[in-house]
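Chemist: The lines below spell out each chain.
Number of protein chains: 4
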Amino acid sequence: MDAVDSERLQRVEAIFRKAPFLENLGVKFLGCGPGWCESGLQVQNYHKQQNRLVHAGVLATLADHTAGAAAGTLIAPGEIVLTVEFKINLLRPGKGQSLRARAQVLKPGRRLSVVESEVFAKDGEQESLVAKATVTLAVLADFKEDAG
Amino acid sequence: MDAVDSERLQRVEAIFRKAPFLENLGVKFLGCGPGWCESGLQVQNYHKQQNRLVHAGVLATLADHTAGAAAGTLIAPGEIVLTVEFKINLLRPGKGQSLRARAQVLKPGRRLSVVESEVFAKDGEQESLVAKATVTLAVLADFKEDAG
Amino acid sequence: MDAVDSERLQRVEAIFRKAPFLENLGVKFLGCGPGWCESGLQVQNYHKQQNRLVHAGVLATLADHTAGAAAGTLIAPGEIVLTVEFKINLLRPGKGQSLRARAQVLKPGRRLSVVESEVFAKDGEQESLVAKATVTLAVLADFKEDAG
Amino acid sequence: MDAVDSERLQRVEAIFRKAPFLENLGVKFLGCGPGWCESGLQVQNYHKQQNRLVHAGVLATLADHTAGAAAGTLIAPGEIVLTVEFKINLLRPGKGQSLRARAQVLKPGRRLSVVESEVFAKDGEQESLVAKATVTLAVLADFKEDAG
Chain V
1 MDAVDSERLQ RVEAIFRKAP FLENLGVKFL GCGPGWCESG LQVQNYHKQQ NRLVHAGVLA
61 TLADHTAGAA AGTLIAPGEI VLTVEFKINL LRPGKGQSLR ARAQVLKPGR RLSVVESEVF
121 AKDGEQESLV AKATVTLAVL ADFKEDAG
Chain C
1 MDAVDSERLQ RVEAIFRKAP FLENLGVKFL GCGPGWCESG LQVQNYHKQQ NRLVHAGVLA
61 TLADHTAGAA AGTLIAPGEI VLTVEFKINL LRPGKGQSLR ARAQVLKPGR RLSVVESEVF
121 AKDGEQESLV AKATVTLAVL ADFKEDAG
Chain A
1 MDAVDSERLQ RVEAIFRKAP FLENLGVKFL GCGPGWCESG LQVQNYHKQQ NRLVHAGVLA
61 TLADHTAGAA AGTLIAPGEI VLTVEFKINL LRPGKGQSLR ARAQVLKPGR RLSVVESEVF
121 AKDGEQESLV AKATVTLAVL ADFKEDAG
Chain S
1 MDAVDSERLQ RVEAIFRKAP FLENLGVKFL GCGPGWCESG LQVQNYHKQQ NRLVHAGVLA
61 TLADHTAGAA AGTLIAPGEI VLTVEFKINL LRPGKGQSLR ARAQVLKPGR RLSVVESEVF
121 AKDGEQESLV AKATVTLAVL ADFKEDAG
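Chains as they are written, first to last, in the numbering used here: chain V, 1 to 148; chain C, 1 to 148; chain A, 1 to 148; chain S, 1 to 148.
Next up, chain V with everything else stripped away, as it sits in the complex:
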């Protein structure tokens, strides 16, 4: 079934809302289900390289964070995920008015999850794949949970 319970949905939404760096970039949570998550942002000048294209660091941030949220849809309460490593290929110039990332868990696990993220740029009516990442995340008990 392509839905997550409301407790989990709130937890995933919070991964975006409570991260100051994501707020700085203007990233919005777009939706999630079991094993996937989507997010996006409106491209602003401060997202760019010297050459007017979106900086690879913005694409990497979207890809990594959305991957973490996708993995987060499959973990138990009291668990967290942390990125161990990721690899990203920059496939086309990042130009357009908005970006959208879709992350899909390739292999969930009790200790490690592997997630793939695709980042699309929308330029006018045209959306194209600009980056693809593979993200390995550790699943951990959140010892600091009570400390909030």
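Some hints here could point you the wrong way.
As the list makes no split between identical chains, a pair holds if one copy fits it or if it spans any two.
Said to hold, decoys possible - 20 Å max Cα-Cα, derived DMTMM-like pairs, lysine to aspartate or glutamate:
| no. | residue 1 | residue 2 |
| --- | --- | --- |
| 1 | 95 | 142 |
| 2 | 107 | 118 |
| 3 | 18 | 7 |
| 4 | 28 | 123 |
| 5 | 28 | 118 |
| 6 | 95 | 123 |
| 7 | 107 | 127 |
| 8 | 95 | 118 |
I should point out that these hints are in silico values taken from the structure, not numbers from a laboratory.
Could you slot chains C, A and S onto chain V? The hints should help.
Modeler: Leaving out everything else, chains C, A and S in the frame of chain V:
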């Protein structure tokens, strides 16, 4: 000799100064020589994850951008470098007051350069390696150079 | 159209037939079309780790080589592809009687191609994804072509 | 101190001796110490690509396996390491009479170890770096140890 000529130094400095996303993050150019570059930033709240640690996207941005600058110390006037792909391992929690990235060209090339970047976090007097990246960059003729 | 002309088909088949290391591993070409290729092997004891599982090096070889062949379906006569780098995630233990790799070009290019390879292990009737790789390849003129 | 106890040395040597795929490739254990390992092979025709160069899969196997052995120098009795993922950059053509891999643990851990491997090819008197890999390994209890 561990120095670059002044034309090249200005070109590398400009890679940091003219990139709006780097200005947004507060990244400062710290120095460069043939095949290497260093940059850094003072950690602010807006660099962080929900868990108070520096976001992996910030570490990735520093690692990638500084790698591009290191590769840029070895190219000819009229050439540019573009990141093809990178992989980053997050080795320790990104905590501290400042970050420093040091990028070193592992293999220069006419078409492709491979660069390694290490990102260190300084927490009080202690500096520790928090991330390491390998970055593959394409060396290209900058067709738009006259258009500035 | 999901077919390649016969000249190209022969060229891709030769990528498997003429590589001594692939012959050593017993890799068979299974098929190709524009932008994809499949290969496989019957698992033998000499493919294994000390723990009786297929060695990651065998999975990596299949993934890389089949990716090269997939990229090879899209290049012009007189061009060759060379692996620049790849990343592979080992998702499940490599156990079973046979392996199959399917490679699909994610982004073709005049200078660089990015290909994804999935490696499946068949254990009895069950086939499962055991590894996934992303491979970056350079497209080059084959200067040595006349030398055969 | 740059030495490992004899129990550990034997365990690391066995990682090479007992792996049929490594025997197939003719890989020899060359030495190890706390956090590092070296191995090598004499290049034969069956290690090669169609173009007479050493196949990337051979380089990847050496890099990965030697990384596992390096991580293995730091684990406790009853633990094993398994490769989670690796990324390898192929820096120069793999030509020469012999290969040598040197793996060094970048970040040891109780659950995960990150290791870097450099592969060198020796052509006459000249040794050059032909590949560099970053390998992430899981540290696990070896439940099958008594079945050994």
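Chemist: Tell me, please, which holds for residue 95 and residue 142 at an alpha-carbon limit of 20 Å: within, between, both or neither?
Modeler: Between copies, since 17 Å is at most 20 Å while 38 Å is not.
Chemist: Please sort residue 28 with residue 123 into within, between, both or neither, judging by C-alpha distance up to 20 Å.
Modeler: within (18 Å within a copy, 31 Å between copies)
Chemist: Indicate which option fits the pair residue 28, residue 118 if close means a Cα-Cα distance not exceeding 20 Å: within, between, both or neither.
Modeler: within (16 Å within a copy, 30 Å between copies)
Chemist: Can you give me the call for residue 95 and residue 123, within, between, both or neither, at a CA distance of at most 20 Å?
Modeler: within (7 Å within a copy, 37 Å between copies)
Chemist: Reference check for the pair residue 107 and residue 118, CA-CA at most 20 Å: within, between, both, or neither?
Modeler: both (16 Å within a copy, 13 Å between copies)
Chemist: How do residue 18 and residue 7 come out at 20 Å by Cα distance, when the copy is not named: within, between, both, or neither?
Modeler: Result: close within a single copy only, 16 Å intra versus 44 Å inter.
Chemist: Pop the pair residue 95 and residue 118 into one bin, within, between, both or neither, using alpha-carbon distances up to 20 Å.
Modeler: within (15 Å within a copy, 28 Å between copies)
Chemist: Within a copy, between copies, both or neither: where do residue 107 and residue 127 come within 20 Å Cα-Cα?
Modeler: For residue 107 and residue 127, the Cα distance is within 20 Å only across copies (15 Å; inside one copy 27 Å).
The structure fails none of the hints (numbered hints given earlier).
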